Amino acid sequence: MALTASIIQKKLAAASWTLRDNVAQDIINGATTAELKNLDAEGVLRLYEALGLSGGWYSSRDSSAMKRLATESQFQPVKNTPDFGVGLVKRAAPGANIQTQLSAGLVTRIYAAEKKRLSVLEKVGFDGSTVGRGQLGQPAYNDVKSPRHFKAPLEECMTRVILAKALSKHARPGAVLGFDMTTYKLRVTEHYSNVWRDPVLEDFVVAAYLAIRIRAATKSGRSAKDTARFAVALYHGMRKMVVAAQNTTGDTVNWKPVEAELKSQGHTDAVAYVNEVVR
Amino acid sequence: MNPRAEFLRAIVLLAGLAAGCGWLSSKSTLTVHLRCDGTISGTLSVAALPADGQPVDEQSYDLGAVCGAGELEFASYRSEGNLRFALARPDGEQVTLTAEYGRDVQRDQDGFYTVLRLTNAPPFIANDRI
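Sequences listed follow chains A and B, in order. Once you know that position 230 of the first sequence is 230 in our numbering, the rest is easy, because the numbers rise by one and skip nothing. Count along the second sequence from 1, then add 1000; that gives the number in our numbering.
Bound-form chain A, shown alone (with noise of 0.2 Å):
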């Protein structure tokens, strides 16, 4: 029978509280590297519990099992960061701009072209209400992690980096922040604030926050190009300008005619950001 968090709760209930280290240690010991590696969220934050947080030590074997939960489980540290993230957005959003646009050269080129444009406060640490590399506040996050957008790919994002971090430290553990570990279910944070500090969701609530962008730019006749251009505009607060620029060209549709305008109403930096991260 395969190993499943509701076979690891069974085994670990019918020891005593002190034994429970002993009983996770066996259970990772025998354990086939699939079945480590097929384990999901709940399962290897119940065996993680109890190698920690039961027992009166924890021991060298405890430390040991550790090593291999952390090394077999799927929980892995995210290095390929932004493509993870990008990859995760795209998987839930098979809109046709965003499979096209939305690459990590673009999430990276929002971070250059932002990091240009840094005021001197946000150099050395004073934010306004928008933070990070990317620039983004909470509406944006709000948006990113509500069920009608990211919510699903955000979850798994928070799971695999927040349990990777746990598991890596192979020290004793305590409970994993993020994580209820009454129900060993994973709380989504309110907080952009407790978000952004992190490389590897931040790069998933901006690849999230352009994929929201994009679709929301994207209508009948305007190439998948001008729907990342309309798209990224937005993303660096340009709506007004932009709408002024539409109002003035009669042009709801094209990127040039309002780039144009835009030049010529001394928007020229604006134009330049949008022409940085648009490729």
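Only true hints are included.
Short, incomplete list of chain B residues facing chain A, as computed with Cβ under 8 Å: (1) H1033; (2) R1035; (3) Q1106; (4) D1108; (5) R1129; (6) I1130.
Here are the simulated lysine-lysine pairs, DSS-like style, with alpha carbons at most 25 Å apart: (7) A:K256 / A:K116; (8) A:K165 / A:K151; (9) B:K1027 / A:K240; (10) A:K185 / A:K11; (11) A:K151 / B:K1027; (12) A:K225 / A:K90; (13) A:K10 / A:K185; (14) B:K1027 / A:K145; (15) A:K37 / A:K10.
Label pairs and their computed distance ranges (CB to CB): (16) A:G266 / B:V1056: 39 to 47 Å; (17) A:Q76 / B:V1056: 43 to 51 Å; (18) A:Q76 / B:P1123: 50 to 58 Å; (19) B:S1060 / A:Q76: 55 to 63 Å; (20) B:P1123 / A:L118: 44 to 52 Å; (21) A:A152 / B:E1058: 31 to 39 Å; (22) A:H191 / B:G1053: 29 to 37 Å; (23) A:K263 / B:G1092: 39 to 47 Å; (24) A:G128 / B:E1093: 45 to 53 Å; (25) B:T1119 / A:R197: 47 to 55 Å; (26) A:K219 / B:E1058: 26 to 34 Å; (27) A:L121 / B:D1091: 53 to 61 Å; (28) B:S1060 / A:G250: 24 to 32 Å.
No lab work stands behind these hints, which were simulated from the structure alone. This structure is a prediction, so every number in the text was calculated from the model and none was measured. Quick reminder that beta carbons are idealized off the backbone N, C-alpha and C, glycines included.
Here the structure of chain A is known, so what remains is to put chain B in place on it, guided by the hints.
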């Protein structure tokens, strides 16, 4: 009582009054960007559309005025909610339109917004995008 304590008491009292009167409610201002095709006459009503489907907090605007401004501000928007627009034309025709949050109604750092296209020919009113 010293002036500082009196000032703090006044602040607490005002906060209590504000909460009691619903001033600290979840309503937000939403910008409706208008794209009017030529001269449009009539009245545009905007209402919040809660999950039960009954429009609330309806506000009406003269189209001649708001089309000229290119936008209107709807102050009774319920965060992440839907909207119902009702267009009353001078010829007596009435048209309604729903704007759904996440599809037609969007949010950015400056707040909530949506885009409407108004014409003198059917469908007279439609959701649009920037």
